[in-house]
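Engineer: When you get a sec, could you build the whole thing from the sequences and use the hints?
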Amino acid sequence: MSIGEYFSFVASRTEDMYNIVQNEGHGSFFIVLMIGVVFGAIIQYTRVDKFEKIAGFAMLKDTVVPKMLFLAIGIASIGLYAEIQLGYASYHIKPLIIGGLIIGGILFGASMAILGKCPGTGPVSISEGRIDVLIGAIGGIFGAFFFTKYYDSFFKILAGKSHGNESLINVSGDYGAIMVLLFGIALIVFAIMIPHRELLDEADLSQLEADERAEIESNGKFEIIK
Amino acid sequence: MKRRLPWWLGGILMALLLLFTFSIFGGNRPLGASTYVPYYAGILFGMHPADYTYLTKVENPGAWEGVMLLGTFLGGLVTSIFITKTFRFTIMPTGWKVYKNNSVLSRVIWSFFAGFFLILGARLAGGCTSGHILSGMTQTAFSSMIFGASVIITLLITGKLFYKKGETK
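Chains A and B are the protein sequences, given in the same order.
If you read the first sequence in this note's numbering, its first letter stands for residue 270, the second for the next number, and so on.
If you read the second sequence in this note's numbering, its first letter stands for residue 10, the second for the next number, and so on.
Please keep in mind that the hints were generated in silico from the structure rather than gathered at the bench.
Just so we're clear, the structure is a prediction, and the values are computed from it rather than from any experiment.
A virtual CB, placed ideally from N, CA and C, is assigned to each residue, including glycine.
Please note: incorrect hints may appear among the correct ones.
Said to hold, decoys possible - Here are the simulated lysine-lysine pairs, PhoX-like style, with alpha carbons at most 25 Å apart:
id: 1; chain 1: B; residue 1: Lys11; chain 2: A; residue 2: Lys495
id: 2; chain 1: B; residue 1: Lys94; chain 2: B; residue 2: Lys11
id: 3; chain 1: B; residue 1: Lys106; chain 2: B; residue 2: Lys173
id: 4; chain 1: A; residue 1: Lys418; chain 2: B; residue 2: Lys11
id: 5; chain 1: B; residue 1: Lys66; chain 2: A; residue 2: Lys490
id: 6; chain 1: B; residue 1: Lys169; chain 2: B; residue 2: Lys109
id: 7; chain 1: A; residue 1: Lys490; chain 2: B; residue 2: Lys169
id: 8; chain 1: B; residue 1: Lys106; chain 2: A; residue 2: Lys495
id: 9; chain 1: A; residue 1: Lys490; chain 2: B; residue 2: Lys11
id: 10; chain 1: A; residue 1: Lys490; chain 2: B; residue 2: Lys106
id: 11; chain 1: B; residue 1: Lys11; chain 2: B; residue 2: Lys109
id: 12; chain 1: B; residue 1: Lys66; chain 2: A; residue 2: Lys495
id: 13; chain 1: B; residue 1: Lys109; chain 2: A; residue 2: Lys495
id: 14; chain 1: B; residue 1: Lys66; chain 2: A; residue 2: Lys430
Stated by the list, open to error - According to the in silico footprint, chain B covers these stretches of chain A (three or more CB under 8 Å from chain B):
id: 15; segment: 325-337
id: 16; segment: 414-421
Structural biologist: Written out as C-alpha cells, the structure reads:
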C-alpha cells in the first residue's frame, strides 16, 4: 500500500478501536481508559516498573514484586468470589493449553529477567523516559507480528489443544467458598512472610525522607547500588 | 506528598482495581496487558484483520487492552512527572551496569530480543503477568497457576545464570 493508504488504514483502525470499546459493553471508552490510568499510576507509584525490581527479583535481591503480586491475588480472589456470588461479576478462565503455557512461560520468564519488565510495567517505564524499554517494546511488536503471521501454521499447533477451563473453585464443587478462602488467606500470609528485600539505587533513595533513608541505609537486607 | 508507596498498599490498590475491572460496573472482564501488542502490531504493519485468523481472534480484546494501554501510559507519565518525579530520559538501568556490563549496545540488543520473546511467550500462553498471573490466579485458574510456576522458575534460573555478582557500594 502507498503511504497515503497506510495512514488512512492506521486512522481507520484507530477509530475501530474506539468504536469497539465504546460499543462492546465492557465499560465505556472512558472507564477502560481510567482503568489503565489507575493501573499505570499504581505501577509507577510503587516503583515496580524499575529494572531493579523485576531483574532484582530474578536475582533474589528484591522481593517487592512477588510480595505485592501475591497480596493482590490473595485479596482479589476472595473479593471476586464474593462479587460473583452477589451477581456483580463472572469468571473468565483461560484455556489449559499445556504446551503453550509451559513453553510460553519459559520464554516469558527468561525475557522478563533480562528486560526487567513485563507487558504491563513496560509501558509505564517508557512513560518515565526509559529508551532501552522502548527498544524492548519495538522488539515486542516484531514478536507479535511474527506470532500473528505464523499463528495457523506453527504457533497454534505448538500451543496445543485446550484441556478445558478448570479452576480450583470449579473442581471443589460445594467446597468452593472454603477453598477460595483458604487459597486467598494462604497467599496473603505467603506475601507477608516472603522476606522483604530491596535493591535500590541513588534515584530511589532520593525519593525518601531523611529518616526513612537512614533507616534503609542501616538495614542489612537492602542492597544499595550506584 | 510521599513519592513512593509501600508494597502492601500497592497490593491492596491493585486488588481493588482488579475487583473493579471484573465487576459489571467496570469492564466485566479480567485485566490484561499483552493482547494489545498483536493488535498494535497489526495496525503498524498494515495487516488487515480479515487476512489473519489471529487478528480476527484478538479484534475485541485487543481493542479493549489497546485503550487501557493508552491509559496506562498516561497514568505512568502523569505520576512520574508530578508525584514520583522520576521522569528523565535514560537508556541504562543502574542494575544492568552493576550486574551485567557497561555497554549501551549490549543493553539495547538484549532489550530488543527480550522484548521479542517476552511477547511471543505471552501470546503462546494466552496471557502475561496481568492477564494470567494477576487476573487468572485471582480466579484460581489452573492454566494461570501452571503459567505462573513456569514463569517464576525460569525467571529465577535466568537471574542466577545471566547476571554476575556485581560490586555494591
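Engineer: For each hint given before, does the structure comply? Return the numbers of the non-compliant ones in rising order.
Structural biologist: 4, 5, 11, 12
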